[in-house]
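Trainee: Quick mapping for you: the protein sequence lines, in order, are chains L and F. Numbers in my numbering are just positions in the first sequence, counted from 1, shifted up by 20. Numbers in my numbering are just positions in the second sequence, counted from 1, shifted up by 1.
Honestly, the hints are just simulated from the structure, not real lab data. Where a beta carbon is used, it is the ideal one built from N, C-alpha and C, also for glycine. Worth double-checking, as some hints may not be accurate.
What the hints assert, rightly or not - Here are the simulated lysine-lysine pairs, DSS-like style, with alpha carbons at most 27 Å apart: (1) Lys103(F) x Lys61(F); (2) Lys296(L) x Lys103(F); (3) Lys134(F) x Lys266(L); (4) Lys200(F) x Lys134(F); (5) Lys236(L) x Lys266(L); (6) Lys103(F) x Lys207(F); (7) Lys207(F) x Lys192(F); (8) Lys192(F) x Lys134(F); (9) Lys103(F) x Lys266(L).
Unchecked claim - Per label pair, the in silico range of CB-to-CB distance: (10) Gly210(F) x Arg30(L): 34 to 42 Å; (11) Asp274(L) x Ala183(F): 56 to 64 Å; (12) Ala183(F) x Ala164(L): 46 to 54 Å; (13) Asp215(F) x Ser167(L): 20 to 28 Å; (14) Asp274(L) x Pro24(F): 57 to 65 Å; (15) Gly210(F) x Val145(L): 43 to 51 Å; (16) Asp27(F) x Ala150(L): 26 to 34 Å; (17) Ser184(F) x Glu200(L): 31 to 39 Å.
What the hints assert, rightly or not - If you only want the chain L side, here are some residues facing chain F, beta carbon under 7 Å, derived: (18) Tyr283; (19) Arg284; (20) Ala287.
Here is how the chains run, residue by residue.
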Amino acid sequence: MCGIVGLHLRTAQLYPRLGELLTGMLCEMGDRGSDSAGVAVYGDPIWSPPGRACVSVLEVEPTAEAIGLDVSVTRQGATYLVTAESSSEALLDAITANYPDALIAGFGSDMAVLKGVGHPRVLTVEWALAKAQGWQGVGHTRMATESAVTPAGCHPYAVGPEQCMVHNGSFANHSTIRRELRAAGVHFDSENDTEVGARFIAQQLADGREVGNALKELCATFDGFYTLLVSNRDSFAVVRDAIACKPAVIAETDDWVAMASEYRALAGLPGVGAAKIWEPEPEVVYAWTR
Amino acid sequence: MDTLTSSSRRRSSATCFDLRTVPLRDVNTALHAPGISGEFVIAHPDGAHNVAVGVDAPVKVTVEGHVGYYAAGMNQQAEITINGNAGTGVAENMMSGMVWVKGNASQSAGATAHGGLLVIEGNAAARCGISTKGVDIVVGGDVGHMSAFMAQAGRLVIRGNAGEALGDSIYEARIYVRGGVASLGADCVAKEMRSEHHKELEYLLKAAGFEGDDTAGYTRYGSARNLYHFHVDNASSY
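Extracted from the complex, chain F is given alone in its bound form (with noise of 0.2 Å):
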């Protein structure tokens, strides 16, 4: 941080970075000293790829404008609001906090995640929620093909419609689509909605600021557990 205090400055209780004259590598080695709290504006992005990575503290950091691959990739604790859009992998691998996308997102949004809400407020592209592992993702818009391909395990909320092959080889993960889908993947299918998953649904929009959507108009998505993993006569195999 000292190196810094030349180039960053303290506006009112936020630390401001500008992309345009502080190195990325610098913003991101400040924003993972130990112990840090507080508000972090990062301006500038310019489609930067690798912005605000690797956090690991209960930090609120903003971003001001588009921002390019892997945007607070790998996010723990920190609350970090993308005022644009979003490339490729936001929030890849986020194990806990919140990613907060204001535009659109590429594809492979919160990829492998663990844990964490990510809330993208308009589109995200093909693959979103791929493999995720825990995280929940609320997307405002629509959402590309093969979105929660191969998902273990947290849940998806698209507000908008799907594309084709739609939770294809998926695990445990649930998904709610309010709109269409454009064809379901593998061992994907569409299940009751009971009070549990009403309630869930409902949590899930009003943390994302979605409060108003009538959970009835959601279907619930998962997995039929027809695959080979899910028979039993596989089980010696291992």
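Next up, chain L with everything else stripped away, as it sits in the complex (with noise of 0.2 Å):
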């Protein structure tokens, strides 16, 4: 099944909150898959720093002093966060070149990226997702089906600078698309289908296209059955597959922009009694920028 997650907040007052909203809406999806799970936190001040570039590694332990760079390195759960006063591809580079095997979930300004294998409850904790701060965050968690549960089968995707994707749903025609994308020069971590549709909206972005244009052109090009929640460093978008046949609600009030698999992830938010409350169309795009 697979949950998933977003909370797209318009009012500053709620910024201090927004890991402990996140929190609530993650663990209450943890019934629909709870193999591993993971986020994307946009603005907070600890794990990505104003003005510093932020790169989120698994799979190895980088150390200052390996990167260079003046960098600062925290772990939250298996996620190490480095940061620097450089840019993010400046950053990335230094990584990958000291840390080959390096798994790099997330990269850009303002954006950490946290997942791992285990229930979002526990996972949560690890990584004190409850103090986070920030103006947007998105989470996942998975039921495995089409690839391994490793951090590398985990989502968020977040494979663009500050972007992000997660997923429920699965890709039927992935490996075609892949193979496409690895012909054209494009880096895989994963085996995961998921992992294509966050390259091939990547890509889309790359070219110049604006996001809407992008989700259009991924359901005009992937079979399968998805609910897609697409992020970037200011904007939050949500797209169906042309049944529907991934759940998806979506909330808004003035204060915020809320998006889950079910309702009752929603169902904690401060005033949703009073929100508009409605289920996405197939293949419309809903977006919303800050």
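Two chains, two frames, a set of hints: combine them into the complex.
Mentor: Next up, the structure:
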């Protein structure tokens, strides 16, 4: 099944509560699959300090001494957050040069991606997610269907700068599209179907398409069933497959926009009683920008 | 019921259960007690699945809030009102009684239901009334794609618009639509509104509290009876 959640805050008064609210949402979706989980948090001043590039790293144990560049390294659960006053590309290059086996969970400014194998209730405690702050967060709790239960198989897939995608469903023709992308020079970390979708979107965005058109292109190219939540530093977009096979509920108030696989993940949000609540229509892209 | 007296409270004539303090399984067990009657209120469902499923008694149940999947599923006899939205499969496989959703319903509302009345005051999503076997469904707003797919018996009234592939592979259920239909599914066609159809539609609208509607504004849809099962030549295959 898998469960996905996202919260896009519109009022700064709620920023200190982002992690707490996201924790509640993600853990509520644990019933939909809990072999692994992950989150992307935008704007936490400790995890991704303003003005510094942030790269989220798994599978190796990076140290500041080895990387150079005056970096700082912190650890949240299995994920290392490496930050530096440099461009995120330069920091990424320095990390991969020193740690060729590193799994890059995400990179960019103002974004930290944490993921790992285990139940979201356990992982969110390891990450101390409830204390995180920021303006936007997305999360995923996984019931693996298409690839192994490993950190590389966990969502989110954050493969472009400040971008992030979580997916409930499965793509049928991902191998074909992966072959085409590989032939075009795109590198893959896993055999996971969602990674193909994320790298497809990243390439569309890199080619200059805006997120709505990138998602429409994905709908036209990918077979299968999906509810997708695609975010970047300032935006938040939802789309479902042509037959709306996988569930999705969106709720909106003046203070926030939230999305989840099921309403119960939204039931604890402040002011949800007065929220506008609806299910996204198939193949309609819903997007918000701050 | 005995175990619940401490955490359930009796207000006027209704027994109230707060799902923030009473486990759902205890509430459903109480509603399954033999020989029960009267009124029950379920507070703070917060999107929980399986609220008030499997009730088989002449009781009134009011759910105060949004529910998750399969609410009021398999209902028999009971009148169940949901003061909120319902998730996937509300009143699925209902046999009799009434389920009334004040808000919107997600996909597969009333799926496979054999009898009773399902009213959705707002919109219903995809596959509303899929494979129904005798239930009556009245939707105040729109329905999504593939509604009444393979519907075998019963009536589906749609006061708004219908999505794509309405009534695909329909058997003998009857569909009444006031608004537009995005597209008809295989073997589903518009049919003449004869006097008995106006009469049954009027009855259904009244039962659902929409008696103001002019039945002349509705179109009836049903099976063209051209698919495999309807050809007598294929009868010898069984």
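Trainee: Next, verify each hint and record whether it holds.
Mentor: Hint-by-hint comparison with the structure:
1. Lys103(F) x Lys61(F): holds, 15 Å
2. Lys296(L) x Lys103(F): The hint holds at about 15 Å.
3. Lys134(F) x Lys266(L): holds, 25 Å
4. Lys200(F) x Lys134(F): holds, 21 Å
5. Lys236(L) x Lys266(L): Distance ~17 Å between Lys236(L) and Lys266(L) Cα, so the pair holds.
6. Lys103(F) x Lys207(F): Since the Cα atoms of Lys103(F) and Lys207(F) sit roughly 16 Å apart, the hinted pair holds (cutoff 27 Å).
7. Lys207(F) x Lys192(F): Given pair Lys207(F), Lys192(F) holds - Cα atoms ~22 Å apart, limit 27 Å.
8. Lys192(F) x Lys134(F): Judged against 27 Å, a Cα distance of about 20 Å means the pair holds.
9. Lys103(F) x Lys266(L): This hinted pair holds, its Cα atoms lying about 24 Å apart.
10. Gly210(F) x Arg30(L): 34 to 42 Å: Since the Cβ atoms of Gly210(F) and Arg30(L) sit about 37 Å apart, the hinted range of 34 to 42 Å holds.
11. Asp274(L) x Ala183(F): 56 to 64 Å: violated, 33 Å
12. Ala183(F) x Ala164(L): 46 to 54 Å: For Ala164(L) against Ala183(F), whose Cβ atoms are near 36 Å apart, the range 46 to 54 Å is violated.
13. Asp215(F) x Ser167(L): 20 to 28 Å: About 57 Å separates the Cβ atoms of Asp215(F) and Ser167(L), which means 20 to 28 Å is violated.
14. Asp274(L) x Pro24(F): 57 to 65 Å: Because 35 Å falls outside the window, the suggested range is violated.
15. Gly210(F) x Val145(L): 43 to 51 Å: At roughly 49 Å between Cβ atoms, Val145(L) and Gly210(F) fall inside 43 to 51 Å, so the hint holds.
16. Asp27(F) x Ala150(L): 26 to 34 Å: The hinted range 26 to 34 Å holds for Asp27(F) and Ala150(L), with Cβ atoms some 29 Å apart.
17. Ser184(F) x Glu200(L): 31 to 39 Å: holds, 33 Å
18. Tyr283: holds, 4 Å
19. Arg284: holds, 3 Å
20. Ala287: holds, 4 Å
Of the numbered hints listed earlier, those contradicted by the structure are 11, 12, 13, 14.
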